[in-house]
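Visitor: Given next are the chains, with one letter for each unit.
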Amino acid sequence: DVKVTQSSRYLVKRTGEKVFLECVQDMDHENMFWYRQDPGLGLRLIYFSYDVKMKEKGDIPEGYSVSREKKERFSLILESASTNQTSMYLCASSFGGGITYNEQFFGPGTRLTVL
Amino acid sequence: AQSVTQPDIHITVSEGASLELRCNYSYGATPYLFWYVQSPGQGLQLLLKYFSGDTLVQGIKGFEAEFKRSQSSFNLRKPSVHWSDAAEYFCAVGAYTPLVFGKGTRLSVIA
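Residue numbers (the working numbering), protein chains in the order written: chain P, 1 to 115; chain F, 1 to 111.
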């Protein structure tokens, strides 16, 4: 089974802190994605990557950055956390290199609260 | 640009009743279509997918979906709902770009 793990299930940070959310997949997938999920808004794509050291902006990249130094790991970084970044963050992966519309496998999510 | 609409925000059904969750998409060609389910506090799990071929697709947990090109729809159905089906359901469409997800339909199941 594909396994996508996220470093924390729950995280509480203060405004202005730098926050790292880590995601690791064990199926050698090329594509990895970061979403945020908010009530009534569904899933919104923040960033995605289709190869090591490659990254592409999604629909809502403002206030976020990403890092992909190894194929299995994709990190989401909040440079200076703000209260409007309180949300559920979901990581996903899929095979296929630049084919980013294949089936995605999701991690359990990280619920981030920024105070 | 592709988009997905799930018209129903919240649906309540009785246990044992049939279920249909609606999904409409906007895209010129035939896209890849997916239904995912999210149990409370969990990530998303794939229920079924449509890429091509037979327009009636069977998935896990007794779910099925039918692709109707003329109506740009990919509705999810289950003949008899179980209490454990209470969750949030997301339809997604993909075609040469990352998947676009609908805003979800929350399913409540009552006894």
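It is worth saying that the hints were derived from the structure and are not from the lab.
Computed from a predicted model, the values in this text were never measured in an experiment.
Glycine included, each C-beta is placed from N, C-alpha and C at the ideal position.
One or more hints might be untrue.
Below 25 Å or equal to it, Euclidean Cα-Cα: the simulated DSS-like pairs (lysine-lysine) are [stated by the list, open to error]: (1) P:K18 with P:K70; (2) F:K103 with F:K68; (3) P:K57 with F:K61; (4) P:K70 with P:K3; (5) F:K49 with F:K68; (6) P:K70 with P:K57; (7) P:K18 with P:K71; (8) P:K3 with F:K68; (9) F:K49 with P:K3.
Negatives, chain P to chain F, calculated, CB over 10 Å [claimed, not checked]: (10) S7; (11) L11; (12) R14; (13) V24; (14) L43; (15) F48; (16) K53; (17) K71; (18) E79; (19) L90; (20) N102; (21) E103; (22) Q104; (23) F106.
Visitor: With d taken as the least Cβ-Cβ distance between L90 (chain P) and chain F, does d exceed 10 Å?
Guide: L90 (chain P) not clear of chain F: closest Cβ-Cβ about 6 Å, inside 10 Å.
Visitor: Decide, holds or violated, for the assertion that all CB atoms of chain F are farther than 10 Å from the CB of Q104 (chain P).
Guide: Non-interface label on Q104 (chain P) violated, nearest chain F Cβ at 6 Å vs cutoff 10 Å.
Visitor: CA of K49 (chain F) to CA of K3 (chain P), is that 25 Å or under?
Guide: holds, 19 Å
Visitor: Please check whether the beta-carbon of K53 (chain P) is more than 10 Å away from every beta-carbon in chain F.
Guide: holds, 18 Å
Visitor: Hey, K57 (chain P) versus K61 (chain F), does the alpha-carbon distance stay inside 25 Å?
Guide: Distance ~35 Å between K57 (chain P) and K61 (chain F) Cα, so the pair is violated.
Visitor: Say whether it holds or is violated: K71 (chain P) keeps its Cβ farther than 10 Å from all Cβ of chain F.
Guide: Holds, since 18 Å exceeds 10 Å.
Visitor: With 10 Å as the threshold, tell me whether S7 (chain P) passes as away from chain F on beta-carbon distances.
Guide: Label holds. Min Cβ-Cβ 14 Å, cutoff 10 Å.
Visitor: Would you mind confirming whether the straight-line C-alpha gap from K70 (chain P) to K57 (chain P) stays at or under 25 Å?
Guide: holds, 19 Å
Visitor: For the pair supplied as a hint, K103 (chain F) and K68 (chain F), confirm whether the alpha-carbon distance does not exceed 25 Å.
Guide: holds, 20 Å
Visitor: Would the hint linking K49 (chain F) and K68 (chain F) be met if the CA-CA limit is 25 Å?
Guide: Holds: K49 (chain F) and K68 (chain F) sit about 14 Å apart, inside 25 Å.
Visitor: Quickly compare the C-alpha distance for K3 (chain P) and K68 (chain F) to 25 Å and report which way the hint goes.
Guide: violated, 33 Å
Visitor: Taking 10 Å as the cut and beta carbons as the points, is F106 (chain P) off the interface with chain F?
Guide: violated, 4 Å
The structure fails to meet hints 3, 8, 14, 15, 19, 20, 21, 22 and 23 from the earlier list, while all remaining hints are met.
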